[in-house]
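Student: The primary structure of each chain is shown beneath.
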Amino acid sequence: MLKLENISFEVENEKEILRDVNLTIEKGKFIAITGPNGGGKSTLARIISGVLKPTKGKITFYGEDITDLSITERAQRGISFGFQQPVRFKGITVHDLINIAKGEELSVMDASHYLSEVGLCAKDYIHRELNDGLSGGEIKRIEIATIIARNTKLSIFDEPEAGIDLWSFNHLIDIFLKMHQSQENSIVIISHQERILDVADEIIAMVDGAIVKRGAKESVLPELLHCEDPKNCLNCHDILEA
Amino acid sequence: MNDIAKKLLKEVSGLDEMPKGAYNIRENSKSVARQSSENIEIVSKEDKSGIDIIVKPDTKSENVFIPALVSCSGVHDLVYNDFFIGENADITIIAGCGVSTGDSCDGSEHNGIHRFFLGKNSKVRYVEKHIGEGTGTGKRVIDPVTEVIQEEGSYMEMETTQIKGVDSTRRFTTAKLKDGAKLVIKEKLMTHGEQFAESKFEVDMDGEDSSVNLISRSVARDYSTQTFLSKINGNTRCMGHSECDAIIMDHGVVRAVPEITANSLDATLIHEAAIGKIAGDQMIKLMTLGLTEGEAEAKIIDGFLN
Numbered sequence: 001m002l003k004l005e006n007i008s009f010e011v012e013n014e015k016e017i018l019r020d021v022n023l024t025i026e027k028g029k030f031i032a033i034t035g036p037n038g039g040g041k042s043t044l045a046r047i048i049s050g051v052l053k054p055t056k057g058k059i060t061f062y063g064e065d066i067t068d069l070s071i072t073e074r075a076q077r078g079i080s081f082g083f084q085q086p087v088r089f090k091g092i093t094v095h096d097l098i099n100i101a102k103g104e105e106l107s108v109m110d111a112s113h114y115l116s117e118v119g120l121c122a123k124d125y126i127h128r129e130l131n132d133g134l135s136g137g138e139i140k141r142i143e144i145a146t147i148i149a150r151n152t153k154l155s156i157f158d159e160p161e162a163g164i165d166l167w168s169f170n171h172l173i174d175i176f177l178k179m180h181q182s183q184e185n186s187i188v189i190i191s192h193q194e195r196i197l198d199v200a201d202e203i204i205a206m207v208d209g210a211i212v213k214r215g216a217k218e219s220v221l222p223e224l225l226h227c228e229d230p231k232n233c234l235n236c237h238d239i240l241e242a
Numbered sequence: 001m002n003d004i005a006k007k008l009l010k011e012v013s014g015l016d017e018m019p020k021g022a023y024n025i026r027e028n029s030k031s032v033a034r035q036s037s038e039n040i041e042i043v044s045k046e047d048k049s050g051i052d053i054i055v056k057p058d059t060k061s062e063n064v065f066i067p068a069l070v071s072c073s074g075v076h077d078l079v080y081n082d083f084f085i086g087e088n089a090d091i092t093i094i095a096g097c098g099v100s101t102g103d104s105c106d107g108s109e110h111n112g113i114h115r116f117f118l119g120k121n122s123k124v125r126y127v128e129k130h131i132g133e134g135t136g137t138g139k140r141v142i143d144p145v146t147e148v149i150q151e152e153g154s155y156m157e158m159e160t161t162q163i164k165g166v167d168s169t170r171r172f173t174t175a176k177l178k179d180g181a182k183l184v185i186k187e188k189l190m191t192h193g194e195q196f197a198e199s200k201f202e203v204d205m206d207g208e209d210s211s212v213n214l215i216s217r218s219v220a221r222d223y224s225t226q227t228f229l230s231k232i233n234g235n236t237r238c239m240g241h242s243e244c245d246a247i248i249m250d251h252g253v254v255r256a257v258p259e260i261t262a263n264s265l266d267a268t269l270i271h272e273a274a275i276g277k278i279a280g281d282q283m284i285k286l287m288t289l290g291l292t293e294g295e296a297e298a299k300i301i302d303g304f305l306n
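Just so you know, the protein sequences line up as chains A and B, in that order.
First residue of the first sequence: 1, per the UniProt record's numbering; consecutive thereafter.
First residue of the second sequence: 1, per the UniProt record's numbering; consecutive thereafter.
This is chain A alone, in the form it adopts within the complex (with noise of 0.2 Å):
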């Protein structure tokens, strides 16, 4: 479904922030990329929704070469892509933002469903401006109702978990179970979060900008972290969770 070869990004003067990557990941896959700050884990989920552009290599989806597409194009084409942190808007409401993304005028009923999906209350939500009145937390869960609205071939989380709480998150790894039954639809999600490597079908470590390690949770942990067993070493859960 998607193909990542030989892709690389260096910024002037600066180190090579990604370097040769290559990766495919099928259809209707839950990925989740782990591995310290720094790592190019953002990068390449900005690469592969065309926010930023590789210095070399090719992307592929479904077939199709989309390493000079836009961003516009490759969201069209069936990428998603929910931001770390979620963009504020002055005077653009959350029935708006579900609107936009679902491509279509929905009625307040239909686009609330999308908000009781993230655990919101609609009706408290869905005629909020998507301003600074919105905490974080709250503002991250619009984020991931967008991308729920949007029902995508491939959806790009970076952190969701990232400004969550404890409730919150819990809601977010079912959200994403739920998300992960369509056989059609695949989910990438860069997290530090055991529970979310836990629950994905394959984890990749990224570490100096290049692909360590592919594989299930319990042979991927050990190499990343120069850990026999990370499951029970305090060490490692702390890296895990911070």
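The reader is advised that the hints may include incorrect statements.
Derived lysine-lysine pairs resembling DSSO-like cross-links, with alpha carbons at most 27 Å apart [stated by the list, open to error]:
1. A:Lys123 to B:Lys186
2. A:Lys90 to A:Lys102
3. B:Lys164 to B:Lys60
4. B:Lys186 to B:Lys164
5. A:Lys90 to B:Lys186
6. B:Lys56 to B:Lys7
7. A:Lys90 to B:Lys120
8. B:Lys164 to A:Lys90
9. B:Lys188 to A:Lys90
10. B:Lys10 to B:Lys186
11. A:Lys90 to B:Lys277
12. A:Lys56 to A:Lys29
13. B:Lys231 to A:Lys90
14. B:Lys120 to B:Lys164
15. B:Lys129 to A:Lys90
16. B:Lys277 to B:Lys188
17. A:Lys123 to A:Lys178
18. A:Lys53 to B:Lys176
19. A:Lys90 to B:Lys200
Everything labelled a hint here was simulated from the structure, so no lab data went into it.
Mind docking chain B on chain A? Use the hints.
Tutor: Leaving out everything else, chain B in the frame of chain A:
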């Protein structure tokens, strides 16, 4: 009323036909239609061009329409309208001005001087839209002057909108608030081409627990220029807030000059101002939802001025 005037009327006040209740429609410096209601009387001024709108005390949930239309070029209209709002009344005033100069190279202008006298505990919502139309080089000018005097416990909300079309506007609004009076002003403005717009506000909070909330959102496109000047004086225990948010595009220029003066230890005054282009991450976000760059820009502007 000709077709141009009918179109302007629809755009500034949403009217397809004469409304129920009180109204006065002014076209090319003359009153062309008028009706008073049981509670709202509209009478001509005797010493100058204009009307007095007299609202009886305790009038509830009534609307007054007072659109002014200039449907041809070469008109220089000056009108004085005074509103006397009785105690405990609660009404909505739909004003607005449309100026059309067609394909003429002669300009037209409308200058409305409005004074509002709000009785104790009265409540007024004032909605005003400015429209300018025409393909010729004739300048369309609207220079409104508004003076508000609010008695104890009264509430006034002013919503003013001017989206493109008006070549030059100078708006000057003053207000004096007595005990417990509240004033809310929401201004929306978009200029383009080489248009010029100036909004100037002077508010005196003289009464205890009075408050003003002044919110201006504007967009300056092309080579247009805007100036926002606000003076808020807190003369006793009171609360004042003003907020000027502007988006600049192309070669647009926006100048914000806030002045807040606390003449009392118990005055709380806040001013916020932000001027800048559309944030890049806002554009990217909407593009990741499938909008083109142009569509994303339009959505952001529409929302901002909504």
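Student: For every hint, state whether the structure bears it out.
Tutor: Evaluated hints:
1. A:Lys123 to B:Lys186: 25 Å, holds
2. A:Lys90 to A:Lys102: 20 Å, holds
3. B:Lys164 to B:Lys60: Violated, at roughly 34 Å.
4. B:Lys186 to B:Lys164: Distance ~17 Å between B:Lys186 and B:Lys164 Cα, so the pair holds.
5. A:Lys90 to B:Lys186: 14 Å, holds
6. B:Lys56 to B:Lys7: 32 Å, violated
7. A:Lys90 to B:Lys120: 35 Å, violated
8. B:Lys164 to A:Lys90: It holds: about 20 Å lies between the C-alpha atoms, which stays within 27 Å.
9. B:Lys188 to A:Lys90: 13 Å, holds
10. B:Lys10 to B:Lys186: 22 Å, holds
11. A:Lys90 to B:Lys277: Holds, because 13 Å separates the two Cα atoms, which is no more than 27 Å.
12. A:Lys56 to A:Lys29: 26 Å, holds
13. B:Lys231 to A:Lys90: Distance ~24 Å between B:Lys231 and A:Lys90 Cα, so the pair holds.
14. B:Lys120 to B:Lys164: 37 Å, violated
15. B:Lys129 to A:Lys90: 21 Å, holds
16. B:Lys277 to B:Lys188: At roughly 17 Å apart (the allowed maximum being 27 Å), B:Lys188 and B:Lys277 satisfy the hint.
17. A:Lys123 to A:Lys178: 23 Å, holds
18. A:Lys53 to B:Lys176: Violated - the C-alpha atoms of B:Lys176 and A:Lys53 are around 57 Å apart, more than 27 Å.
19. A:Lys90 to B:Lys200: 23 Å, holds
Of the numbered hints listed earlier, those contradicted by the structure are 3, 6, 7, 14, 18.
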